[in-house]
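Colleague: Read off the chains here:
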Amino acid sequence: MSARDSILAAVRANRPQGKHPLPDLPAFPLDDGGDRTGFFLNNLRAMGGDGVREGEVADLLAVRFPEATVIASAVPEHPGNRDLTHVTHPRDLADVDVAIVRARFGIAETGSVLLVDDALIVNAVAYLAQHLIVLLDPADILLTLQDAYRRPEVQWHHYASLHTGPSATADIEGVLIHGAQGVRSLTVLFRPSDTPISYPSASRPAQ
Amino acid sequence: MSGADEQRTAPDGLPALLHEELRAADDGGARGADGERLSHGEGTSRPLRSLPPEPQPRGAKLYHRRPVDHNEAAQRFIDAPRHAQMHDERLWDLRQKRDRQMHGIAEWEELRELASSIKQHTLANLGDYLEQFETQAKANGIHVHWARDGAEHNRIVHSILADHGAKSLIKSKSMLTEEVGFRDYMAGVGIEVVETDLGERIQQLDDEAPSHIVVPAVHKLRTDVAQVFADTLGTDPANDDVHYLAEQQREKTRPLILDADAGMTGANFAVAETGTFVVCTNEGNADLSANVPPLHIASIGIEKLIPRIADLGVFIRLLSRSALGSPITQYTSHFRGPRVGGEMHVVLVDNGRSARLGEPDFWQSLKCIRCGACMNTCPVYRRSGGLSYGATYSGPIGLILDPTFNRKRYSSLPFASTLNGSCTNVCPVKINIHEQIFAWRKALAESHDIGVGKQALMKAAGTVLSHPRLYRAAITTAEGALKLLPDFMVTNPLNSWTARGRDMPDAPRETFHQWYERTNGGREDEA
Numbered sequence: 131m132s133a134r135d136s137i138l139a140a141v142r143a144n145r146p147q148g149k150h151p152l153p154d155l156p157a158f159p160l161d162d163g164g165d166r167t168g169f170f171l172n173n174l175r176a177m178g179g180d181g182v183r184e185g186e187v188a189d190l191l192a193v194r195f196p197e198a199t200v201i202a203s204a205v206p207e208h209p210g211n212r213d214l215t216h217v218t219h220p221r222d223l224a225d226v227d228v229a230i231v232r233a234r235f236g237i238a239e240t241g242s243v244l245l246v247d248d249a250l251i252v253n254a255v256a257y258l259a260q261h262l263i264v265l266l267d268p269a270d271i272l273l274t275l276q277d278a279y280r281r282p283e284v285q286w287h288h289y290a291s292l293h294t295g296p297s298a299t300a301d302i303e304g305v306l307i308h309g310a311q312g313v314r315s316l317t318v319l320f321r322p323s324d325t326p327i328s329y330p331s332a333s334r335p336a337q
Numbered sequence: 004m005s006g007a008d009e010q011r012t013a014p015d016g017l018p019a020l021l022h023e024e025l026r027a028a029d030d031g032g033a034r035g036a037d038g039e040r041l042s043h044g045e046g047t048s049r050p051l052r053s054l055p056p057e058p059q060p061r062g063a064k065l066y067h068r069r070p071v072d073h074n075e076a077a078q079r080f081i082d083a084p085r086h087a088q089m090h091d092e093r094l095w096d097l098r099q100k101r102d103r104q105m106h107g108i109a110e111w112e113e114l115r116e117l118a119s120s121i122k123q124h125t126l127a128n129l130g131d132y133l134e135q136f137e138t139q140a141k142a143n144g145i146h147v148h149w150a151r152d153g154a155e156h157n158r159i160v161h162s163i164l165a166d167h168g169a170k171s172l173i174k175s176k177s178m179l180t181e182e183v184g185f186r187d188y189m190a191g192v193g194i195e196v197v198e199t200d201l202g203e204r205i206q207q208l209d210d211e212a213p214s215h216i217v218v219p220a221v222h223k224l225r226t227d228v229a230q231v232f233a234d235t236l237g238t239d240p241a242n243d244d245v246h247y248l249a250e251q252q253r254e255k256t257r258p259l260i261l262d263a264d265a266g267m268t269g270a271n272f273a274v275a276e277t278g279t280f281v282v283c284t285n286e287g288n289a290d291l292s293a294n295v296p297p298l299h300i301a302s303i304g305i306e307k308l309i310p311r312i313a314d315l316g317v318f319i320r321l322l323s324r325s326a327l328g329s330p331i332t333q334y335t336s337h338f339r340g341p342r343v344g345g346e347m348h349v350v351l352v353d354n355g356r357s358a359r360l361g362e363p364d365f366w367q368s369l370k371c372i373r374c375g376a377c378m379n380t381c382p383v384y385r386r387s388g389g390l391s392y393g394a395t396y397s398g399p400i401g402l403i404l405d406p407t408f409n410r411k412r413y414s415s416l417p418f419a420s421t422l423n424g425s426c427t428n429v430c431p432v433k434i435n436i437h438e439q440i441f442a443w444r445k446a447l448a449e450s451h452d453i454g455v456g457k458q459a460l461m462k463a464a465g466t467v468l469s470h471p472r473l474y475r476a477a478i479t480t481a482e483g484a485l486k487l488l489p490d491f492m493v494t495n496p497l498n499s500w501t502a503r504g505r506d507m508p509d510a511p512r513e514t515f516h517q518w519y520e521r522t523n524g525g526r527e528d529e530a
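From first to last, the protein sequence lines stand for chains S and R. Numbering-wise, our numbering comes out as the position in the first sequence, counting from 1, plus 130. Numbering-wise, our numbering comes out as the position in the second sequence, counting from 1, plus 3.
Calculated directly from the structure, the hints in this document are not laboratory data. Nothing false has been slipped in among the hints.
One side of the interface only, derived from the structure: several residues of chain S facing chain R at Cβ under 7 Å: (1) Asn144; (2) Ile302; (3) Gly304.
Calculated lysine-lysine pairs in the BS3-like style (CA-CA distance at most 25 Å, straight line): (4) Lys149(S) - Lys433(R); (5) Lys411(R) - Lys445(R); (6) Lys255(R) - Lys170(R); (7) Lys64(R) - Lys411(R); (8) Lys370(R) - Lys149(S); (9) Lys433(R) - Lys370(R).
Just so you know, these numbers come straight off a predicted model, no measurement behind them. Here a beta-carbon is modelled for each residue, glycine too, at the ideal position from N, C-alpha and C.
Isolated chain S (complex conformation) (with noise of 0.2 Å):
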């Protein structure tokens, strides 16, 4: 018998007794005070990100990461200096200073924000770079993590991460690091979108 035929035959012939039927998913409510935006924006700072409420992406360039030289963009409100349609391996782009990427959307709950493979070009960028701006529509915040979870954005992508603040790690007696592997800082920039995506169904059909 094959691994897969032997594994399967196992759990089966050893299925736990009784009845234990699947339960439906209540939405349970959360109250963001009225302000959805401010409740986004203190969950994010809390997970050690950073939140801007307006502004061009070149000005927050110049005042956050002045000595920034290789600038990867990933949207088109910002030229970049490095093209990502031409990687030919993700290693190429070790050197990137600051990447500029556009959320699906964010989570006011956790003050989250979900960047997709479409969005990113090369997925890497977003953990390689020292730095990330992430661009985001505040209309497209959500309030709670069930309701992320009940739209296409993370079901339909090959790769779809959910960013909170910035890569971090408390390994070493609990002292909190930024830029553990990945990037140093994150700063989401609120900047509406005039491209608006559609996603063909709920669940992408198999290929």
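Let chain S serve as the given structure and place chain R on it in line with the hints.
Modeller: This is chain R only, laid out in the frame that chain S set:
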């Protein structure tokens, strides 16, 4: 209980700090963008003051065919006071952060109940969900493999690597790969494996197993890490600043990540509905491992399945809150298929799980989502260190998982518990951990897998505990016995509670029942 068990609060109302010097009001590194102190971890912009080194206590000594002696290793851990204190306080700190998160969510208990029910349902229908996951994953272009045991898993991964001519592999933390001896196997076939999680990398470089399933090097002090890095990475042995150490690891690991032939991750959840697997990390290392090399292999235990993508809305809300006391991990990544030009493999691993499913007393342990909350709250774990268990899984969850892998070797572990039930109370998927610990004691006694002393004690305890009146008589005399009996009888080796390092507790002046009668249930004044 030590003083550390009390809820400690700093002047700003947030949980107290582990490091006294971080109390300074002007320390910028500990604050977020809005100036508030970050409470999901401890930050400082300054080096902590240097301490003279205390040698790190090592884990349990392993002998062929002999049970692990948890007591002996735990005693050595306690004998290193600075290690023992930091360990105890750091883990209690995590427990307090978890409590703060829990109190912020009105539906917490409902979420635990949902998580438990979803897992029970999945396990009761695991064959169907595994097949559904396989179908979906294959449709998305993922290669799906099945491994009956650890050896088969290692052979499969080796053959995938060999097919690609891969000689180096970067990986993120995975308890499953610890369980199956993955790194040892790969060393034997000449493939270089590099752990990329900071804690796990420290443990790999020190040739030590992880001592905790979430914070692998939590038993080490920064002086230990400085020594390990000096010996293996050539860093300054005199510099034990945590920022310096973390930065050194980042800089030294980055080239290995960039040049690796393949990447490996585990998975926290595998979604049958969509064929997605989910990896939750804080450092960004799993996403680098998955997204930089052209080949991504994920090793997934078959118990990681959940039915629906929407179920993640329950589990992700519970996982990091229970583990670290943060509302979510910095990264929650969903993999549904290979990236353009890349290749993705999933290995579904049984390794004893299907057999455990058939054990009525123990199958619920398969609900575990590896958050470590039971370890953080356990008074025995906090004071003995994870390596004293001499097993892949330590702490309360380890006590009930390890004997399933090797009944004889881990026969003494279910006794490393006070059965206080705190583990069960904090478990986000409501595993009845302390009841299973007791059930293991019974099972091991019945199969004569434990020593004579523990068997005799179990029998006596069983008789006394099953007869309430005998029990009350026994505890009424406990104080008298402790006072009158010569010490050699109280600390008789037959009394397995009084190993070295466990003093016999002071017996209370009167029992609850005596107090209740005397004061009419507390309604009358205390005399």
